[in-house]
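Protein chains in written order, with the numbering used here: chain W, 1 to 280; chain Y, 1 to 282.
Hint data in this document are derived by calculation from the structure and do not stem from the laboratory.
The beta-carbon is built from N, C-alpha and C at its ideal position, and this holds for glycine as well.
Be a bit skeptical, because a hint or two may be false.
To be verified - If we take Cβ atoms under 10 Å as the criterion, some of the chain W residues that face chain Y in the derived model are:
#1 Thr128
#2 Glu130
#3 Val166
#4 Ile247
#5 Ile254
Each chain, letter by letter, is given below.
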Amino acid sequence: MSHKVKDATIPHIPTGARISRWIGRNLIRIYAVFAFTYLFIPVAYTFAFSFNDSGKSNLIWKGFTFGNWQNPCGAPEVCTALVNSIKIGFLATFFSTILGTMIAFAIGRYSFKGRSTSNLMIFLPMATPEIVLGASLLSLFLVFKINPGFWPTVIAHVVFCVSFVVVTVKARIASLDPRLEQAAMDLYANERETFRRVTLPLVAPGIAAAALLAFSLSFDDYIITNFNSGTLKTFPEFVYASAARGIPAQANVIGSAMFFLALAIVITGQIVGRKRKVSA
Amino acid sequence: MRKISTPYLLLLPGVAFLFTFFILPIINLAQTSTQTPVGGGDTGEFEQTLHFSNYLDAFLENKEQFGRSFVYATIATLLALAIAYPLAYAIALKGGKLKNFMLILVIAPFFTSFLLRTVAWKQILGEEGFVVPTLRTIGIISDSTTLTSTSFAVVMGMTYNFLPFMTLPLYASIDRIDPRTLEASGDLYANGFTTFRRVTLPLSMPGVVAGTLLTFIPAAGDYVNAAILGSPNTKMIGNVIESRYLKIVDYPTAAALSFTLMIVILILVTVYVRKAGTEELV
Numbered sequence: 001m002s003h004k005v006k007d008a009t010i011p012h013i014p015t016g017a018r019i020s021r022w023i024g025r026n027l028i029r030i031y032a033v034f035a036f037t038y039l040f041i042p043v044a045y046t047f048a049f050s051f052n053d054s055g056k057s058n059l060i061w062k063g064f065t066f067g068n069w070q071n072p073c074g075a076p077e078v079c080t081a082l083v084n085s086i087k088i089g090f091l092a093t094f095f096s097t098i099l100g101t102m103i104a105f106a107i108g109r110y111s112f113k114g115r116s117t118s119n120l121m122i123f124l125p126m127a128t129p130e131i132v133l134g135a136s137l138l139s140l141f142l143v144f145k146i147n148p149g150f151w152p153t154v155i156a157h158v159v160f161c162v163s164f165v166v167v168t169v170k171a172r173i174a175s176l177d178p179r180l181e182q183a184a185m186d187l188y189a190n191e192r193e194t195f196r197r198v199t200l201p202l203v204a205p206g207i208a209a210a211a212l213l214a215f216s217l218s219f220d221d222y223i224i225t226n227f228n229s230g231t232l233k234t235f236p237e238f239v240y241a242s243a244a245r246g247i248p249a250q251a252n253v254i255g256s257a258m259f260f261l262a263l264a265i266v267i268t269g270q271i272v273g274r275k276r277k278v279s280a
Numbered sequence: 001m002r003k004i005s006t007p008y009l010l011l012l013p014g015v016a017f018l019f020t021f022f023i024l025p026i027i028n029l030a031q032t033s034t035q036t037p038v039g040g041g042d043t044g045e046f047e048q049t050l051h052f053s054n055y056l057d058a059f060l061e062n063k064e065q066f067g068r069s070f071v072y073a074t075i076a077t078l079l080a081l082a083i084a085y086p087l088a089y090a091i092a093l094k095g096g097k098l099k100n101f102m103l104i105l106v107i108a109p110f111f112t113s114f115l116l117r118t119v120a121w122k123q124i125l126g127e128e129g130f131v132v133p134t135l136r137t138i139g140i141i142s143d144s145t146t147l148t149s150t151s152f153a154v155v156m157g158m159t160y161n162f163l164p165f166m167t168l169p170l171y172a173s174i175d176r177i178d179p180r181t182l183e184a185s186g187d188l189y190a191n192g193f194t195t196f197r198r199v200t201l202p203l204s205m206p207g208v209v210a211g212t213l214l215t216f217i218p219a220a221g222d223y224v225n226a227a228i229l230g231s232p233n234t235k236m237i238g239n240v241i242e243s244r245y246l247k248i249v250d251y252p253t254a255a256a257l258s259f260t261l262m263i264v265i266l267i268l269v270t271v272y273v274r275k276a277g278t279e280e281l282v
């Protein structure tokens with residue numbers, strides 16, 4: 001009977017009170033929607049203005065066109081800069097993922113003399129402002145008469161990516177269930193087989209996440225790059241240099257394309273991860 | 001049997017790399033900071049004279065920019081904390097099935113180059129954007145007031161750019177809270193606010209510490225937001241270091257400023273971490 005009583009009481013609550021009660025209960029969700037809107041305003045703006053029929057300077061809306069998407073290299077320096085950024089990004093990701101994963105296994109799996117010193121050495125680059133990292137590396141290169149350019153930039157990127165790889169992979173190693181490895185050993189797998197068939201596959205998602213993080217950090221870096229790239233121009237450097245007079249719409253095309261590409265990779269990774277969990 | 005040498009072999013390449021390209025440069029930076037120009041030499045030629053007053057000169061000449069860096073970074077960090085905490089809370093405790101999706105949404109803006117997004121803010125808040133004319137029509141700002149080229153725009157840009165760095169650690173620590181502790185608090189007649197103040201907030205402190213550090217450190221050394229969204233009156237110490245290094249070729253002053261910035265940040269971080277009473281970082 002109680003539900004009938006309840007039903008009967010609802011119409012007596014004035015609509016205004018019901019709305020304010022609903023808002024009260026969902027306040028935090030409504031807030032989240034606003035926060036996400038704030039996060040995405042410039043992304044949406046960049047995407048919208050990638051369709052602007054703007055000519056050279058993309059400051060004012062002049063009309064809709066697919067032209068920029070059909071011809072993303074229409075502003076030639078954009079593509080040169082993009083190719084530089086991708087090359088540097090891949091190399092920096094490759095080296096920092098290998099170095100960082102090895103360090104993560106050493107720190108995450110072993111207790112040894114000098115462990116806390118190693119931890120400190122990983123933490124310090126993250127606690128150092130980028131401008132100090134960039135400036136100090138440049139002064140080292142100058143002492144050894146190495147000209148800033150492609151490889152100095154790769155090295156600079158590896159320096160700041162390694163720590164983030166270590167932290168990401170270490171977290172994954174720490175979350176492993178040690179019983180899985182014990183089970184492998186109980187089933188007569190030796191240490192190498194256990195590592196290859198059990199530990200490594202379990203840590204692999206962490207390594208993949210670390211590599212993705214390293215690539216996006218490298219691809220997006222401006223400050224350290226600006227100090228060590230010399231005359232070479234990366235994509236962020238190109239955007240920075242042309243910010244004053246308005247960046248060409250092709251840069252918006254590339255920014256938006258990277259956004260959708262990365263989003264697709266992350267979502268695919270999530271789906272694959274979930275399927276694995278279900279089938280396991 | 002695990003060999004004793006294994007961890008050292010794993011560490012060796014990475015640590016050797018970081019020693020060469022992180023520790024050595026910092027030592028080199030310290031050396032450069034006390035050099036003076038070679039008498040009668042070319043620009044960019046310096047010799048070691050242990051001229052420690054470089055530090056005092058560099059600081060006194062740029063104390064305004066130093067102060068601005070720390071004030072802007074502090075305000076941006078506090079704003080980011082205020083914006084990110086409820087968001088992280090919503091994702092961790094009210095996210096439900098959408099939790100992973102919402103997390104992706106937090107990281108997603110990252111994938112559009114942060115420079116593009118900063119330039120986008122410049123244009124949105126600029127004279128040709130839609131915000132300024134709207135605010136003028138409503139009468140919130142006067143016709144002569146601008147939003148870009150102000151300290152407001154710089155702080156806003158920094159808050160925006162570092163928001164994900166604040167949100168993710170906060171989310172991680174709130175998500176780790178056992179929901180039963182919150183229920184227990186309710187069972188003991190604590191209201192929502194008391195539960196938050198006495199249970200949720202203390203348990204999420206590691207996230208608050210990690211998030212504020214990950215925001216404050218890059219914000220204090222940043223110069224991109226100040227360069228794009230600001231004016232000569234909003235110059236931060238990063239702008240000074242950049243121009244001393246790359247435009248004026250005054251390496252000693254730039255090195256002294258960089259080293260001072262690093263030391264000040266390290267001291268602040270150490271004091272802060274001690275006070276906040278957590279050793280768990282990142």
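Inset, instruction - Identify every previously stated hint that the structure contradicts and give their numbers, smallest first. - result: Violated: none.
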